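A.B. asks: Residue strings, one per chain:
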Amino acid sequence: MLSLDLDLDQYPRFKRSATIILLLLLMVFIFFPTFWMLSTSLKPNEDAFAVPPHWIPQQVTLKNYETQINDRSGFRNYFRNGVVVSAGTALVSILVSMPAGYAFARLRFRGKRTLLLIILASQMFPAVIIVITLYSLYREIKILDTYQGLILAFTSFSIPFSVWMLRGFCESVPEEIEEAAFVDGCSRLGILWRIVIPLIKPGLVAVGLFSFLNAWNNLLFALSLTTRLEMRTIPPGFLLTYVGEFQYKWSDMFAGSALVTLPTVILFIGLQRFLVKGLMAGAVKG
Amino acid sequence: MQHMAFSNAHSSGRRLRGLLFSRQGRLSDNLYALFFLAPVLVILTIVIFYPLVRVLSYSVTNASLLFPNREEYIGLENFDYLLNQDAIFRTAVKNTLVFTFFSVMGGFALGFALALLLNENIPLRNVLRGAALIPWVIPGVIVALMTLYMFNGEVGIINYTLKSVGLIEEFIPWFGSLDHAMLAVIIANIWNQTPFYMLMLLAGLQTRPDELMEAAKIDGAGSWARFRHITLPHLSKVIMIITALMVIWNFNNFDLIWTTTQGGPVNATMVLSVYTYRQAFVSFNTGYASAIAVLWLLGLLAFSYFYIRAMEG
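Residue numbers (numbering that gives the first Met the number 0), protein chains in the order written: chain A, 0 to 285; chain B, 0 to 312.
Chain A extracted, bound-state conformation (with noise of 0.2 Å):
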């Protein structure tokens, strides 16, 4: 057994030579599909129906994005609403996380711990059991198809993660210059204000994209807690406009869902080095 285990490090070149072969099929598997979904949203739809499939549009055209942007009631209208919701639960993310991540980060209270627990705990409830009910509760307060009920909603999603992610920055503001604030005669609220909200705008950044993907992505609560289609966000806009229909149209749907998931990548890009981050700082203090 023993024997037959080589040290690959004396064998450079193969070593070197199976890196790269394993990596480019996994990197097959892990871009294909996206290449293929760009691909097919350049191509005329009934290209997309082609066997066997041109792997690269013989014809490309933008056609199928023009059609897309032009489509007032349908792509129009669910990503209008969807820059909406996921703005707003954000904003609100960000608002009502900041105070709540430093309370843990520097208060000393009754019952710290066991609540820092339950926020944690809340985002293990699967979503389907939850929104049963939520549905009769929307509909009681009439909150049903409004932006209001997505937010607080999709908010409630981003919470744990959002206190979570700013309890750690606010541990790594240098205590000492708060506590030389305190003694200057500055309020607690006058330390988060004017001190420590500056210190840690990366993690308040994060915390705002990490809102806006959930919100953006999010189908359950967008398809449950809505009924009309002018309240519908993207992603049960597309399910209904798409999902079930007796013809697919291939090409405006990989054309539309390039254009809806531009925003998260890019998004995901400029938060990924904050959001390492930010599970770091989170960690530190276990």
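Hints listed in this document are in silico derivations from the structure and should not be mistaken for laboratory results.
Treat each hint with caution, since some may be false.
[Said to hold, decoys possible] Here are the simulated lysine-lysine pairs, DSS-like style, with alpha carbons at most 30 Å apart:
#	chain 1	residue 1	chain 2	residue 2
1	A	K111	A	K200
2	B	K236	B	K93
3	A	K14	B	K216
4	B	K162	A	K248
5	B	K236	A	K111
6	A	K62	A	K248
7	A	K14	B	K236
8	B	K236	B	K216
The model shown is predicted, which means the values in this text are computed figures rather than measured ones.
Based on these hints, arrange chain B on the given structure of chain A.
C.D. replies: Okay, now just chain B, sitting in the frame of chain A:
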């Protein structure tokens, strides 16, 4: 006895003041904590905790969305039916376990391989690390639409490729076939989640102490021995955490299956989340859906309990 009670009351008054104000007469941390945490707690109560409590109370009623506020208490009837007569529920539990198990296994294996490979010194390493995250960032519904197209029975690229390399004779109607629908959604799900495992394991690999690897190499340990005795133990905590997270997330997965198959064909991909949603919003049986939810929560609780014990043990 009386004396003690009196002094308790006395000191509790002082304690209350102590809770609210610090010695310098400023508002105390307790009071600030209340202000600072109130918004978050209010939102979580409205959107998560109150609906959960309501699910518990609905589970013993025949509540229906069609007849609001006319639910009647029916004891454990829902649970009785679920456990003893509902064959679809049993199928859904089984399918959920299959879906979760293979999704987590597949995603973990590929994500781990990718992390190990991208931890080597290769060209374009950082670009690839970033770009490989794309599948994870694509909204669930769009992942599902891509799946529908690629696994399409007539024009799908997967059938075409499999046939041209000779792996299949005839095109497979993936989403119309009892034997293939689950496989298709699991593959799509693995594709979607692989980057998450990669991201987390790569972060773990970067804190692996180089000295230990070097020392083992000098002692003549082979690549496999180093992996087995240094890398794996070093990553064990990350592995435990991400697999627990992903088991729970996959158990809850709704977007992919609802968009591609809605549980079909003939319940071949019926999982718990889709079945619960159908009961609640297609059949409008709020009470019955709540009973499913309660059993689900009990299962989740049991899983968390054993997992935490396993992690500590």
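A.B. asks: State the violated hints by number, sorted upward, taking the hints as numbered earlier in the document.
C.D. replies: none
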